[in-house]
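Trainee: When the sequence shown is numbered by my numbering, its final residue is 431 and no position is left out of the sequence of numbers.
You can take every hint at face value.
DMTMM-like, lysine to aspartate or glutamate: derived pairs with alpha carbons at most 25 Å apart:
| no. | residue 1 | residue 2 |
| --- | --- | --- |
| 1 | Lys128 | Glu144 |
| 2 | Lys106 | Glu143 |
| 3 | Lys116 | Asp97 |
| 4 | Lys106 | Glu147 |
| 5 | Lys128 | Asp162 |
| 6 | Lys429 | Glu418 |
| 7 | Lys128 | Asp142 |
| 8 | Lys429 | Asp406 |
| 9 | Lys311 | Glu299 |
Distance ranges between label pairs, derived from CB positions:
| no. | residue 1 | residue 2 | range |
| --- | --- | --- | --- |
| 10 | Gln276 | Arg81 | 37 to 47 Å |
| 11 | Gly182 | Pro396 | 37 to 47 Å |
| 12 | Arg137 | Ala82 | 19 to 29 Å |
| 13 | Asp97 | Ala180 | 10 to 20 Å |
| 14 | Gln348 | Ser308 | 12 to 22 Å |
| 15 | Leu370 | Ala82 | 26 to 36 Å |
It should be emphasised that the hints constitute simulated quantities derived from the structure, not laboratory data.
C-beta atoms are modelled at their ideal positions from N, C-alpha and C, and glycine is treated no differently.
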Amino acid sequence: MTMSKRRWVWGCLMLMLVFGACEWTSPTYPTQRPPLPTARRVTPLQSATPQPTLSPTPWPTATITPEPAPHGLVYQVLPIRAEVIPGQPLWLQTTTDGTLWLVTDKAVLRLRTDQKWWLPYLQGYPGKVIGIDDRWRVWVWDEEAQEVRCWDSNNWTHFGKDQGWLPVQGEVRPQLWTDATGGLWVMTDGDVRRLDGSRWSVYTPADLGMREVGVEETLTLQLIYWPERKQMWLGSCVWAGPQAVRGAGLRWFDGKDWQPEPALEQECVLNMAVAQGRLWLAGMGTVYVSPLTGQGDFERQRLQTGPSGLKPAYVLDFAFAQDGSAWGVVALCGGASCDSVRAVYHLQEGEWQALGEVNPFLIQVVHNGLDDSIWALGQDRLYRRPPGGISFQTLPPLHMIMVTEDQHSGQVWVLAVENKQPGLWSLGKEE
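Required output: the full structure, derived from the provided sequences and hints.
Mentor: Structure follows, in structure tokens:
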């Protein structure tokens, strides 16, 4: 699963926690709500702007002995108590060295390697955290000052108009990408930006070669790094209200300019993932998969009709197991909405097929690298597909806030609530 979705997902989930629990086989539809067609993620709201400070003193928590839930598959690692963790937890993130980070609305903390307490890294920052890069720099966007700055554990570095950072229309999305040359990428609601080390370059839709959208239209962008090709790729779509009206194409960055991908020049790209050396694209009712090497036609994979005859819209989230299988959470069209219900899909013989019944509270699918299992995550349920299996097991209730993967070790971390107590959980393997 891509990082961009995992950060967007938590915001939607917090709104849905007010609903009741839903079983895997529940056919009950919730009250219809507007679809979620864009790549926009809910940017966490910060508290009043304090002055930046750094606390060198660790805040130890009580040592917790992991207690496995039934089946020994879900372990609580550490509680998140108000007297220990300042502010409201917003999201989890891992860096490439395996460090786990917790961002709240008042602080940034990292988990000590023995997993026994959180170490404060930054407290009291002006603006909104948009991510932590692999050099442990915390990046903060200050809307009032219209600048972005980074904290390297000792000093702040500011980037404003003189460094190429232009005023932002809308929000800066909370995610960072790093390309093969060390360039740092961010996205806003209206453009894509790259830092070459000292100066930002801003790529507007016009710079990307896209025609101007209409007054009632919205352009959405999706960004991803494809390591096998050492390239940044950008997908796009044009919306009129809740409907995708036309594609804006697929592009890749050649180090200087954005080049169109002729095979999908007019396609509407709604989600992207990189796995098995390929680029996976979610279109309306379709998944496109790139060839393994060089240029060529994308393989087109159809989404089959969902449970109860519901029409599939697009793949909201992808997951890929080591055995080569591909999985996804798919938004289904029912009534006037195309995101009121969802289902888990599985790629079989070149087509995506639905498994089980609809579930309005499905959030994402995730691959657990510890045992090559696939997990489907809902508002307050975990479902697990054992390695090589097809059906999902239902695990004990757990109110999830956010999930992240350590791409290096395969560890899956869950920020969740049990008995009104937030905690850090880990997905384990069956003993």
